[in-house]
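J.: Protein chains in written order, with our numbering: chain A, 1 to 147; chain B, 1 to 147; chain C, 1 to 147.
If a hint is listed, it holds; no wrong ones were tucked in.
Just so you know, same-sequence chains aren't split out, so a pair can sit in one copy or run between any two.
Each computed DSS-like pair below joins lysine-lysine, with the alpha-carbon atoms no more than 30 Å apart: (1) Lys111 <-> Lys66; (2) Lys111 <-> Lys94; (3) Lys68 <-> Lys84; (4) Lys68 <-> Lys114.
Calculated from the structure, these hints are not laboratory results.
The model shown is predicted, which means the values in this text are computed figures rather than measured ones.
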Amino acid sequence: MSIVSSVTRITTAVFVLIGLTGLAASAQAADKAGKPGVVIQISENNPATWNLALNNAKNLQQALGKDKVDVEIVAYGPGINMLKFDSEVAPRVKEASASGVAVRACGNTMKAQKLTEKDIEGSVKVVPAGVIEIMNKQREGWAYIKP
Amino acid sequence: MSIVSSVTRITTAVFVLIGLTGLAASAQAADKAGKPGVVIQISENNPATWNLALNNAKNLQQALGKDKVDVEIVAYGPGINMLKFDSEVAPRVKEASASGVAVRACGNTMKAQKLTEKDIEGSVKVVPAGVIEIMNKQREGWAYIKP
Amino acid sequence: MSIVSSVTRITTAVFVLIGLTGLAASAQAADKAGKPGVVIQISENNPATWNLALNNAKNLQQALGKDKVDVEIVAYGPGINMLKFDSEVAPRVKEASASGVAVRACGNTMKAQKLTEKDIEGSVKVVPAGVIEIMNKQREGWAYIKP
Numbered sequence: 001m002s003i004v005s006s007v008t009r010i011t012t013a014v015f016v017l018i019g020l021t022g023l024a025a026s027a028q029a030a031d032k033a034g035k036p037g038v039v040i041q042i043s044e045n046n047p048a049t050w051n052l053a054l055n056n057a058k059n060l061q062q063a064l065g066k067d068k069v070d071v072e073i074v075a076y077g078p079g080i081n082m083l084k085f086d087s088e089v090a091p092r093v094k095e096a097s098a099s100g101v102a103v104r105a106c107g108n109t110m111k112a113q114k115l116t117e118k119d120i121e122g123s124v125k126v127v128p129a130g131v132i133e134i135m136n137k138q139r140e141g142w143a144y145i146k147p
Numbered sequence: 001m002s003i004v005s006s007v008t009r010i011t012t013a014v015f016v017l018i019g020l021t022g023l024a025a026s027a028q029a030a031d032k033a034g035k036p037g038v039v040i041q042i043s044e045n046n047p048a049t050w051n052l053a054l055n056n057a058k059n060l061q062q063a064l065g066k067d068k069v070d071v072e073i074v075a076y077g078p079g080i081n082m083l084k085f086d087s088e089v090a091p092r093v094k095e096a097s098a099s100g101v102a103v104r105a106c107g108n109t110m111k112a113q114k115l116t117e118k119d120i121e122g123s124v125k126v127v128p129a130g131v132i133e134i135m136n137k138q139r140e141g142w143a144y145i146k147p
Numbered sequence: 001m002s003i004v005s006s007v008t009r010i011t012t013a014v015f016v017l018i019g020l021t022g023l024a025a026s027a028q029a030a031d032k033a034g035k036p037g038v039v040i041q042i043s044e045n046n047p048a049t050w051n052l053a054l055n056n057a058k059n060l061q062q063a064l065g066k067d068k069v070d071v072e073i074v075a076y077g078p079g080i081n082m083l084k085f086d087s088e089v090a091p092r093v094k095e096a097s098a099s100g101v102a103v104r105a106c107g108n109t110m111k112a113q114k115l116t117e118k119d120i121e122g123s124v125k126v127v128p129a130g131v132i133e134i135m136n137k138q139r140e141g142w143a144y145i146k147p
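Looking at chain A on its own, in the form it has when it is part of the complex (with noise of 0.2 Å):
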């Protein structure tokens, strides 16, 4: 082994080394500069705050492509009479998830209200708790909204 190839094996590890590092470096990057995503929380009573959360969702998809955002809505609490299948937004409901917005009911609220998938809009898809939906979305880097 020559000098100059010990020396250029080494200057190659380096190299690979650094690269490595980058690569780790921006690829923990991307998930920040990646898709963004957002949760709106729905936690009221209130068909006001639901067409708020229903324009704010909207609102996302217009300005930056449906195809360049994730966007769900989930409702528990009193918030899950937004999503009943007789809600004065089903319309709009049904509109969003057509239009690709995740839309979400907390099954723990279900349960404690007695409610099944046949008393909601058929769009919406149950998840088991709301608060740790949202959480996990968080944990994710979506950012939060509570309208």
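Assemble chains B and C onto chain A, guided by the hints.
T.: Relative to the frame of chain A, chains B and C by itself:
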């Protein structure tokens, strides 16, 4: 030093450094993947909201296990009434504290309302400023919930 | 190339790379440990909430020092009324701006309510969409407060 031993050493260096890079990356990932925390804000003088917050705390502990999640309730402004010793939810506040939920009162609000520690439920601790407590928790990676 | 010099070079490479890995890690930690920011959302037509938000902003600046924390208030939906030039908290909004708090009005809301910059307090700036402003701040690591 033979060629074999030289190459071996360089290869070892490469693997050691890939390992170190990996360790650093996973240590940072661990921060996010570690024990979750949720800070719950109470800034309203509304017993229904107080009960919802206490339900949220309970649900988090029941679903994830008391030792697997940190939960803190911070009350400020008109929300301070939740923590008074004669509040209608005082027994639930005491129970939450006993169950490992950190319940905190905003010192600024207490000063403004001329309240002392004698006026609030015995298990509650006072922090200098509720808003800074909530900010700090979010900076530590905790999720934020305003019921 | 002697054995000693070869081992020295490899050892140097190891330490250089440990150092680089460490630098990358601490640069990322610095983002979180840097100057804190708090974005305060106003989406309600409620002067008590407006005053609470303005108190929050003031408390943050007083406790941490105006130069040590970034504070931004974003109003949208029914919250836009807080920022009208004849709002009952207009003097406090002006004072907050003068004190370094960024006060922002949602352009979408202003369009929907046919408001122009003449209708709002002179120190307030308009952003295209309040919800996106709030999302972006959270993505930059700011804490979120909804009073």
